Amino acid sequence: MTELIAQALYSGLLQGGSYALIALGLALVFGTMKVINLAHGELVLLAAYIAYSVESGLGLGPMFAIPIALVIVSLTSVGVYAIISRIKKDREINSLILTYGIGVILTNFILLVWKADIRSTSSSWLQEGFEVGPLFSMRSEVIFFGVSLVLMAALWRWLSTSWYGRAVRAVASNRDAAKLMGIDPRRTEIVSFLVAGILAAFAGVALFSYGVIQPAYGSALTVKAFIITVLAGIGSIPGVLLAAVLLGVCEALTVTLASSALQELSGMVLFLLVLFILPNGLFGAARRRG
Amino acid sequence: MKTTAWIRNTLLLAAAYVAVPLALGGNQYVMSMVVAALVIGGVALSWALLGNLGGMVSFGHSAFFGVGAYVSALTTVKLGVPVLPAMLLGGAGAAAAAVIMLPVLRLRGPYFALAILAYAHIFRILATEWSSVTGGAGGVAHIPALPTVFGFELASKSGAYLVVLTLVVLCALAYSRIRASHYGLALRAMHDSEDATRVVGVNSTLLKGLMLLVSAFMAGLFGAFNAHYINFLEPDYAFSGLWVTLPIVAAIFGGYRTILGPVLGAVVVYLVDQLVFKSLIPTGHQLVLGLLLVAMIVFSPNGLLPLLLKALRRKEAGKEKQHA
Chain A
1 MTELIAQALY SGLLQGGSYA LIALGLALVF GTMKVINLAH GELVLLAAYI AYSVESGLGL
61 GPMFAIPIAL VIVSLTSVGV YAIISRIKKD REINSLILTY GIGVILTNFI LLVWKADIRS
121 TSSSWLQEGF EVGPLFSMRS EVIFFGVSLV LMAALWRWLS TSWYGRAVRA VASNRDAAKL
181 MGIDPRRTEI VSFLVAGILA AFAGVALFSY GVIQPAYGSA LTVKAFIITV LAGIGSIPGV
241 LLAAVLLGVC EALTVTLASS ALQELSGMVL FLLVLFILPN GLFGAARRRG
Chain L
1 MKTTAWIRNT LLLAAAYVAV PLALGGNQYV MSMVVAALVI GGVALSWALL GNLGGMVSFG
61 HSAFFGVGAY VSALTTVKLG VPVLPAMLLG GAGAAAAAVI MLPVLRLRGP YFALAILAYA
121 HIFRILATEW SSVTGGAGGV AHIPALPTVF GFELASKSGA YLVVLTLVVL CALAYSRIRA
181 SHYGLALRAM HDSEDATRVV GVNSTLLKGL MLLVSAFMAG LFGAFNAHYI NFLEPDYAFS
241 GLWVTLPIVA AIFGGYRTIL GPVLGAVVVY LVDQLVFKSL IPTGHQLVLG LLLVAMIVFS
301 PNGLLPLLLK ALRRKEAGKE KQHA
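Protein chains in written order, with this note's numbering: chain A, 1 to 290; chain L, 1 to 324.
It is worth saying that the hints were derived from the structure and are not from the lab.
There's no promise every hint is true.
With a straight-line cut-off of 30 Å between C-alpha atoms, the simulated DSSO-like cross-links for lysine-lysine are [what the hints assert, rightly or not]:
id : chain 1 : residue 1 : chain 2 : residue 2
1  : L       : K157      : L       : K78
2  : A       : K88       : L       : K310
3  : A       : K89       : A       : K34
4  : A       : K115      : L       : K278
5  : A       : K89       : L       : K310
6  : A       : K88       : A       : K34
7  : A       : K89       : L       : K157
8  : L       : K315      : A       : K88
9  : A       : K179      : A       : K34
10 : A       : K115      : A       : K34
11 : L       : K157      : L       : K278
12 : A       : K179      : A       : K115
Anything over 10 Å on all C-beta distances counts as not near chain L; from chain A, calculated [stated by the list, open to error]:
id : residue
13 : W163
14 : Q214
15 : A216
16 : S219
Pair by pair, the computed Cβ-Cβ distance ranges are [to be verified]:
id : chain 1 : residue 1 : chain 2 : residue 2 : range
17 : A       : L75       : L       : F299      : 39 to 47 Å
18 : L       : G201      : A       : K34       : 28 to 36 Å
19 : A       : A177      : L       : L12       : 48 to 56 Å
20 : L       : A19       : A       : R187      : 50 to 58 Å
21 : A       : A177      : L       : G318      : 46 to 54 Å
Just so it is clear, the structure is predicted and the values come from calculations on it, not from any experiment.
Cβ atoms here follow ideal geometry from the backbone N, Cα and C, with glycine treated the same way.
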């Protein structure tokens with residue numbers, strides 16, 4: 001029993017890495033633009049399907065899809081920005097409906113191009129076992145957990161030291177003050193969408209490398225990313241990672257102890273509990289309640 | 001203005017109740033499309049009520065639709081409740097499901113929208129997993145059809161049309177009553193500034209909660225009707241994202257700040273989608289709906305109907321000027 005739980009904790013930890021990447025993209029855009037991009041999960045899924053095409057069409061490993069996915073997904077992400085920025089009034093409500101519509105477009109685009117079948121990687125190298133003591137995982141899970149850690153560290157460094165990274169934080173904390181300091185909020189918003197797209201591209205390729213994908217999965221990914229940002233509260237990368245791992249562990253424990261069908265439910269329940277008990281998230285100070 | 005609106009509505013009702021069944025009643029295929037369009041119209045109306053009066057965007061109306069369908073289907077199949085009261089129970093069940101969502105009202109804007117999306121996922125999983133009650137993924141079959149009242153078969157295509165039309169009309173009337181009442185006034189004031197409205201003594205959370213319940217009841221009612229109309233339910237159908245996407249597109253297309261707009265929008269959008277886009281692109285024809293939604297929000301977020309009316313009014317004003 002203890003081994004099972006230890007194994008579940010380990011799998012959840014690895015899963016948490018790519019969840020964190022998805023959630024950070026969502027949070028970054030929400031920070032600068034105060035817009036929740038409901039099509040974010042679909043962007044991740046798009047990258048996953050590009051990885052599938054590269055693997056099945058060119059016979060290369062999913063890793064080689066990363067450059068193509070980076071270009072296509074970050075351009076799509078900037079395209080989403082270009083449409084959102086055209087909203088004239090009631091931006092809060094209209095941006096939600098708009099990005100929901102973009103999500104519908106992307107889901108059906110994926111359905112048209114790649115059909116409704118469930119896909120997963122056929123690379124045996126990625127699926128081979130990787131053992132750490134008594135704990136077991138696929139090689140791909142470990143690789144991409146490492147990749148997410150590196151990306152998160154890079155993002156942290158970028159946000160705290162680079163000019164644009166600091167501009168993103170400035171716009172997120174006070175848009176008007178940032179404007180007075182000579183920061184162009186529009187350009188900063190584009191950058192945040194670009195970075196969100198980059199994170200989504202990596203997360204998507206990771207998703208395809210260790211899991212299964214299907215066209216309808218996008219909205220579940222968005223919900224997961226949102227759950228993580230609610231858990232974490234807005235404003236800290238380690239918080240997001242911790243919350244993502246918490247969600248991953250929760251799901252893995254549910255699969256181990258109950259049934260895999262209840263996996264999604266456990267995340268939702270966790271989310272509602274936090275919402276009711278700690279409405280400001282586990283680590284955040286931002287106020288969300290009206 | 002008041003009388004012209006009244007005349008317009010009467011004419012529209014007469015056309016809907018008399019002309020449509022007479023003209024299309026013979027064509028079973030088109031008639032079933034119209035019924036389905038009105039079901040979407042009803043859900044769109046309930047969605048627009050929440051958006052317009054409550055100021056809330058819901059991506060979780062499939063939850064209310066599905067819960068209404070399941071409650072009504074199960075009470076008739078397992079408990080033997082007659083169909084028409086069971087449909088009301090379905091609405092009530094959906095409202096009860098909304099009661100669990102009330103704590104979410106403490107959240108604002110995007111948080112509410114996403115929390116309700118998460119709720120919709122929960123209900124779909126529950127319907128699949130709680131198989132001792134819901135029949136699980138296999139669904140519920142042999143759901144009793146609409147009854148025969150005074151020798152008139154409501155289960156026929158024309159009969160179902162009249163039932164769903166009446167439901168839509170009743171919901172529209174309830175909506176306009178609420179909008180005209182002092183609750184409606186308070187809700188409109190909240191739209192401008194919720195804080196200011198609270199200061200003058202309006203319990204804004206209570207009002208928003210009430211709107212959520214009313215909206216859920218309506219969506220559940222149409223879900224229940226649909227269950228008895230097609231006589232079969234399965235979780236993936238009853239809680240399908242389609243019951244969110246189509247009503248939103250319809251309401252935005254027709255203008256979600258009007259009462260008639262969502263219903264007319266649903267009829268237009270659904271019929272065009274089924275008759276044109278579905279034959280052009282069999283899988284993934286919802287792509288066009290997404291494009292439509294995006295185009296509407298960017299170019300005319302208040303819908304096409306208000307835009308048309310405005311153009312019409314401008315034309316009339318132009319004519320009057322010429323006369324003068």
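> Does the structure keep K89 of chain A and K157 of chain L at a Cα separation of 30 Å or less?
Replying inline: Roughly 43 Å between the alpha carbons, so the hint for K89 of chain A and K157 of chain L is violated.
>> Checking a non-interface call: every C-beta of chain L should be farther than 10 Å from the C-beta of A216 of chain A. Is that right?
In response: Violated, since 8 Å does not exceed 10 Å.
> Taking only the CA atoms, is the gap from K115 of chain A to K34 of chain A under or equal to 30 Å?
Replying inline: Answer violated: K115 of chain A to K34 of chain A is near 34 Å, above 30 Å.
>> Just to be careful, I want the Cα atoms of K89 of chain A and K310 of chain L compared with a cutoff of 30 Å; is the pair within it?
In response: Satisfied, since the Cα-Cα distance of roughly 19 Å is no more than 30 Å.
> Has the given pair, K88 of chain A with K34 of chain A, been kept, meaning a C-alpha gap of at most 30 Å?
Replying inline: Holds - the C-alpha atoms of K34 of chain A and K88 of chain A are around 15 Å apart, at most 30 Å.
> Taking only the CA atoms, is the gap from K315 of chain L to K88 of chain A under or equal to 30 Å?
Replying inline: OK: K315 of chain L and K88 of chain A at ~26 Å, within 30 Å.
>> Between the alpha carbons of K88 of chain A and K310 of chain L, is the straight-line distance 30 Å or under?
In response: OK: K88 of chain A and K310 of chain L at ~19 Å, within 30 Å.
> Between A177 of chain A and L12 of chain L, does the C-beta distance stay in 48 to 56 Å?
Replying inline: holds, 53 Å
>> Please check whether the beta-carbon of S219 of chain A is more than 10 Å away from every beta-carbon in chain L.
In response: violated, 7 Å
>> Verify the CB-CB distance for A177 of chain A and G318 of chain L against the hinted window 46 to 54 Å.
In response: Holds - the Cβ-Cβ distance for A177 of chain A and G318 of chain L, about 49 Å, lies within 46 to 54 Å.
> Should the label of W163 of chain A as a non-interface residue stand, given a Cβ cut-off of 10 Å to chain L?
Replying inline: holds, 28 Å
> Given the proposed pairing of K179 of chain A with K115 of chain A, does the C-alpha separation stay at or below 30 Å?
Replying inline: violated, 46 Å
Checked against the numbered hints listed earlier, the structure breaks hints 7, 10, 12, 15, 16, 17; every other hint is satisfied.
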